[in-house]
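**Student:** Model the full structure from these sequences, guided by the hints.
Number of protein chains: 2
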Amino acid sequence: MLVLSSPSGAGKTTISRHLLEQDKNLSLSISVTTRPKRPGESNGEDYLFVDREEFNLMINRGELLEYAKVFDHYYGTPEKPVLDSLSSGHDVLFDIDWQGTQQLAQKAREDLVSVFVLPPSMQELERRLISRKQDSSETVEFRMSKAADELSHWAEYDYVFVNNSIEESVTHVQSILNAERLRRRRQLDLTEFVKALREGQ
Amino acid sequence: MLVLSSPSGAGKTTISRHLLEQDKNLSLSISVTTRPKRPGESNGEDYLFVDREEFNLMINRGELLEYAKVFDHYYGTPEKPVLDSLSSGHDVLFDIDWQGTQQLAQKAREDLVSVFVLPPSMQELERRLISRKQDSSETVEFRMSKAADELSHWAEYDYVFVNNSIEESVTHVQSILNAERLRRRRQLDLTEFVKALREGQ
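Heads up: the protein sequence lines correspond to chains F and V, in order.
According to our numbering, the first sequence holds residues 670 to 870 in order.
According to our numbering, the second sequence holds residues 670 to 870 in order.
Check the hints yourself; a few may be wrong.
Identical copies carry no separate label here, and so any pair may be met within one copy or between two of them.
[Claimed, not checked] Okay, derived cross-link-like pairs now, BS3-like style, lysine-lysine, Cα gap no bigger than 27 Å in a straight line:
id	residue 1	residue 2
1	K864	K706
2	K864	K749
3	K776	K802
4	K815	K693
5	K864	K738
6	K864	K815
7	K776	K864
8	K815	K749
9	K693	K738
Rather than coming from a laboratory, the hints here were simulated on the basis of the structure.
For clarity, every value in this text was computed on a predicted model and none was experimentally measured.
**Tutor:** In structure tokens:
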């Protein structure tokens with residue numbers, strides 16, 4: 670379970686898309702949200718778009734691994750697709766914020782690897798928010814004022830880097846993913862292999 | 670501080686050589702040993718070759734980070750070159766066995782990253798020991814009988830993989846190295862960077 674967090678606009682969604690293209694063993698966890706669909710987004714691919722009532726039902730039925738309120742809207746992670754991916758041997762990528770990460774860390778602990786992506790500068794962050802043309806200038810201003818708060822949580826993550834270029838950042842996350850897959854505690858099947866080696870087989 | 674351990678012949682020396690060629694931020698810790706120089710080895714490059722008396726002096730003067738007896742000979746890690754490399758901003762690669770790793774882990778803890786390389790099979794291990802023509806058949810036999818004991822320590826390491834090909838293995842260790850450099854606790858200089866970001870600079 671790999672979490673990628675950052676202030677809005679720092680590039681985590683672009684990094685995620687590149688990673689999912691090049692690493693076929695990685696599946697994206699599609700979050701559910703009550704926020705309105707932006708132009709170009711599609712339901713079930715970018716998010717599951719639901720209304721407040723449906724979101725509450727999901728909470729009450731215990732279907733969410735984590736959920737949080739961000740910018741007046743609710744965001745959550747449906748549990749079933751994650752468990753299905755994990756049990757089919759896939760690693761799961763989560764594009765969530767620090768609130769979701771804290772909740773996920775409580776449930777997953779050893780299984781969770783968390784990465785925080787820093788913007789190179791606040792000017793660059795604002796430039797990216799404006800250039801993606803998804804938000805009103807009012808929303809951009811609001812996101813910028815929230816970014817400072819989001820940044821304050823960087824030290825709760827296992828890994829951190831500055832997103833100077835998408836290519837470099839994708840390589841960073843792929844290295845983290847490759848390395849974490851080689852962790853001894855994730856390769857308990859090697860116990861049998863080493864036992865056979867030692868018995869001279 | 671990156672430790673690479675394996676039974677003799679599993680390929681750690683070849684992997685190390687490739688790593689040092691491609692990663693200019695990595696320095697090799699040259700071990701000191703009392704074992705005789707093999708054909709093709711050079712003093713100060715493969716090992717520092719000393720006699721038993723000189724080795725004892727180094728122990729008594731507290732010049733060794735770790736030392737251990739392996740196959741009737743002594744092996745140790747001189748401390749000064751390691752500290753010099755680290756303080757010049759280099760990462761240091763250690764080609765040492767489980768005994769050295771345990772001692773180093775006691776001294777370095779958080780700073781140490783340890784990797785165990787497994788041979789694909791015992792037949793392959795024997796083939797490699799024979800083909801490198803460095804040891805008498807008696808020594809090969811002795812090394813094979815020791816390999817099973819060395820393998821028993823694989824679970825004390827942070828990372829582990831099977832050396833199926835040199836190329837794949839070098840990529841594995843480079844990923845581990847890249848990822849560990851991105852660990853938040855190794856990037857305390859980012860504290861100032863994030864502080865400046867949050868203050869809008």
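**Student:** Now look at each hint and say whether the structure bears it out.
**Tutor:** Evaluation of the provided hints:
1. K864 / K706: neither (54 Å within a copy, 33 Å between copies)
2. K864 / K749: Neither, since 35 Å and 39 Å both go past 27 Å.
3. K776 / K802: For K776 and K802, the Cα distance exceeds 27 Å both inside one copy (36 Å) and across copies (53 Å).
4. K815 / K693: neither (34 Å within a copy, 40 Å between copies)
5. K864 / K738: between (49 Å within a copy, 25 Å between copies)
6. K864 / K815: Between. Shortest inter-copy distance 15 Å satisfies the 27 Å Cα cut-off; intra-copy 53 Å does not.
7. K776 / K864: Classified as neither; 32 Å inside a copy, 30 Å across copies.
8. K815 / K749: neither (31 Å within a copy, 48 Å between copies)
9. K693 / K738: Neither: 31 Å inside a copy, 46 Å across copies.
In this structure, the earlier hints numbered 1, 2, 3, 4, 7, 8 and 9 are contradicted, and the remaining ones agree with it.
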